[in-house]
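Protein chains in written order, with our numbering: chain V, 1 to 151; chain Z, 1001 to 1450.
Read the hints as simulated data drawn from the structure, not as lab findings. None of these values were measured; they are calculated from a predicted model. Be a bit skeptical, because a hint or two may be false.
[To be verified] Mimicking BS3-like on lysine-lysine, the simulated pairs with C-alpha atoms at most 25 Å apart in a straight line are:
#	chain 1	residue 1	chain 2	residue 2
1	Z	1046	Z	1032
2	Z	1046	V	149
3	Z	1386	Z	1291
4	Z	1032	Z	1047
5	Z	1386	Z	1445
6	V	133	V	25
7	V	25	V	149
8	V	25	Z	1102
9	Z	1102	Z	1032
10	Z	1047	Z	1181
11	V	149	Z	1181
12	V	25	Z	1047
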Amino acid sequence: MALISMYERDNSRTVYRILADQAVKCFDNPSIGAEEKIPLANLARLLERYRYDAFSDHVALGILEALSAKNSALGADSRTAVRHMEGVISALEAAHARVYGGISREDLVRTLQDLLARIASSSGIDEPETRQKLENARRFFVAFAEGLKSA
Amino acid sequence: MDTREFLLNECENVRNTLREVLRHEYAAGDSKAFYREFCERLANLKKLIEPVDPADASALATFASELSLLSRLVHQIERSHAGEFSWPFSECLQCLAVPICKENIGLPTEGDPIIRVYADGGLDSYKINLENDLSVLNVGRRIFTIVFPRTLKHQVLLHAIFGHEIGHAAWTIPSHRAKLKSEVLQPLYAHGRLTSTSSATAWLRDLNAPRPVEEIRSQYPDPYYTEIDRDQWDSWFQEFMCDLFGMVTFGPSFLAAHQTLLLTLDPTGYRWGPQHPPYASRKAMLWRASKHLGWDTYGNSFDDAILSANVGHFRDAYIGASIPGPWEDLFSQAQVATAVDALVAILRAASSEPFGMPDEATLLQLVRMLGERVPPCGSDLSGAEKPSNRAIDFRHILFGGWIASISADSRPEAKGPELEFSEINKLCEMGILHQRAIDLHDTRKKEAVS
């Protein structure tokens, strides 16, 4: 018997709130970007999913695992829980609309991933043109974090 | 000790466990890569835990969950040391899987996933564990763990089943998923009996379904068992897609491994579940895919009559001698052809080479070597002063193994008693290893010249 059992908890909003807060710290102080590659990479991954609307992370069982008796539908329903990302997606959409208006998801994601990459590698972040872009991206992640808190 | 302090203590425990793990020898890849990744993840997590507000229950729970994940991953990695699995095969698998699983998110940490391999108990333990959870905080380079059944660790012919799992891995890359949905799945569900959940339900409840289906329905009369919902329908199509993926990556060896393993766990071939459609319907789709790829006539024009006959036996045994039954045959030839062509294009675009049939000379060489109980590979055994070794795709070695497994001792050069399946597997595993040496020599020779 396990030490503790509880209904599965969806951490997605907390995870992305933490990541968004980390990103804002990087935008406030780009020199720390090189030490924050992991949070920035995970945000870039989230944006990639947003670009392709790929939010179902239903985890398939192994090809034979699905056939074994304990996982058969002709028995208990053992389907893996699908995460509920509605709160995260809504926060992304709201931040997108608020900060970047009518630009497409494709353009938004390209822009943000480029800026995250520059922060992570501390390259080209002092150019005046980039600074305005960084400020917009910062506002995006602030709005995103706020959206997650209120979801 | 409060939660925050305990979590920081656990970070140190994980770090110490990681150091202990490195006492083993690891093959199939660079242990430095995963050590570096682990250290970065641990450092990142510790940095987040240190300033956490003790009242932030949500954050504390998230960090506890992340530490558990890291601890589990370290334990799995500990089981991936050399000797636990067929490392010649796993290296080839990595070469096949890495290009299709490469992320493209624009950051320095992206790139090739780190692939580790370990053995687990149970015939059903073939799988790839993917780090694709949307509620995971702490991933730099993704780590994929490939799991083999412990008892089958050297049965490389059966490992062709991993082609299916690579399909699931490709699905985790959003850009691939978008293409797979629109170019592979959409053609499959555009027409036929599975176009919707209601039509799929009607198909399962068809009064003209084969007898095994009737028997299963009698065992489980509750309508719930034949009611297909949206999640199940999505899962089923992902399984169909992954079967095609297995086929275009591993070729006919995949079909043989697929049938052998799936029919072992479900000898009726007609059971279904929340995640998988009946095997019989999958085989019917693969029959059509084989036809589209020309595998139904492969070998017919070989000069070597014995080889031609043995390829025919393989075809009858694992592809199917006749058109599938009407209930099982869910997709039209055109649907399957479109899906297969799209998959091949997706693989090529990702710089992953789809399977191509071996020419007669290659297949004959491999089967003959097996008959002589020699590891099948591109070694020149002619005795020439300057051997002329050649490159051979490891998937052709597997195919040669499957042909040898059903051809009994029909070849004249066959020595001694009939080859057992386990012997064929061992020889093929060694063949893959020898081929690696040949390819390495060839590469270094070219580098020396250039």
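Outcome of the hint check:
| no. | hint | result |
| --- | --- | --- |
| 1 | 1046/Z to 1032/Z | holds (21 Å) |
| 2 | 1046/Z to 149/V | holds (23 Å) |
| 3 | 1386/Z to 1291/Z | violated (41 Å) |
| 4 | 1032/Z to 1047/Z | holds (22 Å) |
| 5 | 1386/Z to 1445/Z | holds (14 Å) |
| 6 | 133/V to 25/V | holds (16 Å) |
| 7 | 25/V to 149/V | holds (17 Å) |
| 8 | 25/V to 1102/Z | violated (28 Å) |
| 9 | 1102/Z to 1032/Z | holds (19 Å) |
| 10 | 1047/Z to 1181/Z | violated (39 Å) |
| 11 | 149/V to 1181/Z | violated (33 Å) |
| 12 | 25/V to 1047/Z | holds (13 Å) |
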